[in-house]
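If you read the sequences in order, they're chains A and B. Using the working numbering, read the first sequence as starting at 1 and increasing by one per residue. Using the working numbering, read the second sequence as starting at 469 and increasing by one per residue.
Hints are not guaranteed to be accurate.
[Claimed, not checked] Derived pair list, reagent style EDC-like, types lysine to aspartate or glutamate, alpha-carbon separation capped at 20 Å:
| # | chain 1 | residue 1 | chain 2 | residue 2 |
| --- | --- | --- | --- | --- |
| 1 | A | K110 | A | E54 |
| 2 | A | K360 | B | D520 |
| 3 | A | K360 | A | D162 |
| 4 | B | K548 | B | E597 |
| 5 | A | K110 | A | D162 |
| 6 | A | K360 | B | E597 |
In case anyone wonders, no lab produced these hints; they're calculated from the structure. Small disclaimer: the values here were computed from a predicted structure and weren't measured.
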Amino acid sequence: MIASHEWLRAFVPHDLPPAEVGRLLGAHVGHARLDGGARADLAPFVVGQVVHSERIPETRLSFNRVDDGSGELLEVVCGAPNVEVGAKYPLARVGTVVPGKGGMTIERRKIRGFTSAGMLCSAMELGLGADHEGILALATDAAPGTPILDVLAAGDVRFEFDVLANRPTCCRSGGWPASSRPSPASRSSAPRSSAARRPLPGVVAEPRQATAAGVTVRIEDADGCPRYCAAVCAACASARAPTGSCQRLAGVGARSINNVVDATNYALHGLGQPMHAFDLARLGGSAIVVRRARDGERITTLDGHGAHVVARGARHRRRRARAGHRRRDGRRDSEVGEGTTDVLLEVAYFDPRRRARRRKLAGVSSDASYRFERGVDRVATLDLLRDAASLLVAVAGGTVDAVLDVGAAPGALPAVRLRAARVARVLGHRVADAEIERVLSSVASRSLATRASATRRGPRRYPRGGTT
Amino acid sequence: MEMHDTLYLAGSDAGERGPLLRTHTSPVQVRTLQAYRPPVRVLIPGNVYRRDFFDATHAPAFAQIEGLAVDEGVSFVDLKATLAEFARRFYGGTRRVRFGPSYFPFTEPSAQMDVEVDLGDGRGPRWVEILGCGMVHPNVLDAAGVDSERYTGWAFGMGPARIAMSRHDLPDIRLLYDSDVRFLEQFSK
Numbered sequence: 001m002i003a004s005h006e007w008l009r010a011f012v013p014h015d016l017p018p019a020e021v022g023r024l025l026g027a028h029v030g031h032a033r034l035d036g037g038a039r040a041d042l043a044p045f046v047v048g049q050v051v052h053s054e055r056i057p058e059t060r061l062s063f064n065r066v067d068d069g070s071g072e073l074l075e076v077v078c079g080a081p082n083v084e085v086g087a088k089y090p091l092a093r094v095g096t097v098v099p100g101k102g103g104m105t106i107e108r109r110k111i112r113g114f115t116s117a118g119m120l121c122s123a124m125e126l127g128l129g130a131d132h133e134g135i136l137a138l139a140t141d142a143a144p145g146t147p148i149l150d151v152l153a154a155g156d157v158r159f160e161f162d163v164l165a166n167r168p169t170c171c172r173s174g175g176w177p178a179s180s181r182p183s184p185a186s187r188s189s190a191p192r193s194s195a196a197r198r199p200l201p202g203v204v205a206e207p208r209q210a211t212a213a214g215v216t217v218r219i220e221d222a223d224g225c226p227r228y229c230a231a232v233c234a235a236c237a238s239a240r241a242p243t244g245s246c247q248r249l250a251g252v253g254a255r256s257i258n259n260v261v262d263a264t265n266y267a268l269h270g271l272g273q274p275m276h277a278f279d280l281a282r283l284g285g286s287a288i289v290v291r292r293a294r295d296g297e298r299i300t301t302l303d304g305h306g307a308h309v310v311a312r313g314a315r316h317r318r319r320r321a322r323a324g325h326r327r328r329d330g331r332r333d334s335e336v337g338e339g340t341t342d343v344l345l346e347v348a349y350f351d352p353r354r355r356a357r358r359r360k361l362a363g364v365s366s367d368a369s370y371r372f373e374r375g376v377d378r379v380a381t382l383d384l385l386r387d388a389a390s391l392l393v394a395v396a397g398g399t400v401d402a403v404l405d406v407g408a409a410p411g412a413l414p415a416v417r418l419r420a421a422r423v424a425r426v427l428g429h430r431v432a433d434a435e436i437e438r439v440l441s442s443v444a445s446r447s448l449a450t451r452a453s454a455t456r457r458g459p460r461r462y463p464r465g466g467t468t
Numbered sequence: 469m470e471m472h473d474t475l476y477l478a479g480s481d482a483g484e485r486g487p488l489l490r491t492h493t494s495p496v497q498v499r500t501l502q503a504y505r506p507p508v509r510v511l512i513p514g515n516v517y518r519r520d521f522f523d524a525t526h527a528p529a530f531a532q533i534e535g536l537a538v539d540e541g542v543s544f545v546d547l548k549a550t551l552a553e554f555a556r557r558f559y560g561g562t563r564r565v566r567f568g569p570s571y572f573p574f575t576e577p578s579a580q581m582d583v584e585v586d587l588g589d590g591r592g593p594r595w596v597e598i599l600g601c602g603m604v605h606p607n608v609l610d611a612a613g614v615d616s617e618r619y620t621g622w623a624f625g626m627g628p629a630r631i632a633m634s635r636h637d638l639p640d641i642r643l644l645y646d647s648d649v650r651f652l653e654q655f656s657k
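All chains should be built: construct the whole structure from the sequences, respecting the hints.
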């Protein structure tokens, strides 16, 4: 599990230095390794301010004088169309290795009679995203010569640690227990998109099979997948993701794909719920069937690493089926890409044990299997889908046409009984009732009922957890 | 989610699996409590087996020393004090040690103890886990026929190889398994 300092700060605002956060995590969550600077390769880049710019005749190039804070102006030839006098851009001086250009080293060169002793960089050249149509304008007050790691979120610090088997909440950036938070007052909350949350349509809920907006979801393997929720989102514009979202995902080691897939990855890393977005048009249009695989059935995974033979009945998977019972295998060709407009967003609860077995048999481990195996929040499936669907239409436009909820939400959750007297006896240390309540509230989001006999009950949203 | 991949012996042709090789010495807790009534204080050395790669910090078969104390009024404070005193005497009071949260199915709450080690490789001191520990889970006591409302207990499992590494600043656990005379001679006095 990788957590980003900046992302954690978005959930729980604070001013602690990364080393102190690492210490708190180590003391309360699990041993955390501080990955000093997620992007050490960007250390040599500085903020450059364009002071003078002129076009080089008969070319797309411009000749610029750039203030790099050294006191002397650098001469830089640039091919980007968006150079503006007064604006600030990432500057690579002579000798700097540019990560997005296959490790090219900047050298002093003569171009069309003009000297170039540096490079103004695009987001792609810095390895910060796919944007290479222009250089990356920096909205910053920082003086020329300031290292860009001080300006960009790429200067983020990563924490890397193993999530203990009884702490699945730690698989999401918003899931840290109260004890590891900087102050008792700070509460974890998911930062909402600035776009107004649009109203979502009513939910079509059925135990086995539901149809809405022309899409049918059917569960044939209710043991492996007790609940499958889906949102049909129409008229989305799949496009390159904004640089900010690329940086956020880069902070936890994920790569940006496009705005739709990035929204699902944001939910994966931020909310701890694996999600999947299908291109409805390429899905064949009609049905999602959740069932176990047949002996020897093959499937192509999304990473495209060829087909894996699926062992005996181990894998329950989604499959697509055309209306006329014509079935095709494979998920890869339903991936969201350029030209995608209608999206089916999936949020499901899969049985953790079955997922673990499936991973072993298939030999494929993923960010999703890591979380499903530890157990995702089985109460919140529908809420998470609604949040993710809102996020998706906020970044990609379009509308949510239907929300389907197939299967069963868990009934009454087993309660965890905790006696304050027992806590004191086992620990050998008296913990104030208010402190117990504070710590428990941070992992059980429902309010705790307190009984007269000092028995506390909290719902167990996750399949595992310690009991005392 | 499994905590370790296990090793087991080949079974019969009838499809039965052979014996599972233990990944912890902790199963001895139940056997001890079935044989003796509290108060119980035992140290139990034994070999354990895990499907790990044989690398600088892991061995697929290694020794573990289990400690168990069960009595009335035994608490986590006792556990922490006992292990801190062990570290003070074993490392001579100059090493920094720390406790951190951990998880084991048979203790609740669980912790691990780390010790600071400097291998002199220029990377500076770093923390190395030397043992896992915790308060014996009430289910373990109940399974052994011990009243978990009356008795509480703590347990730890430490790896002598890891402890030797941390005490002597050894860079590689495999040195302890190779029987290289040049290495062994350094401990002859």
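Starting from K360 (chain A), check that the Cα of E597 (chain B) is at most 20 Å away, please. At roughly 27 Å apart (the allowed maximum being 20 Å), E597 (chain B) and K360 (chain A) break the hint.
20 Å Cα cutoff - pair K360 (chain A), D520 (chain B): holds (15 Å)
Given the hint that K548 (chain B) pairs with E597 (chain B), does the C-alpha gap stay at or below 20 Å? Cα-Cα ~15 Å, so holds.
Holds or violated: K360 (chain A) to D162 (chain A), with C-alpha atoms at most 20 Å apart: holds (19 Å)
Are K110 (chain A) and D162 (chain A) close enough, with their CA atoms no more than 20 Å apart? violated (51 Å)
Decide if the proposed pair is consistent with the structure: K110 (chain A) and E54 (chain A), CA atoms, cutoff 20 Å inclusive. Holds - the C-alpha atoms of E54 (chain A) and K110 (chain A) are around 16 Å apart, at most 20 Å.
Against the hints set out earlier in the document, violations occur for numbers 5 and 6.
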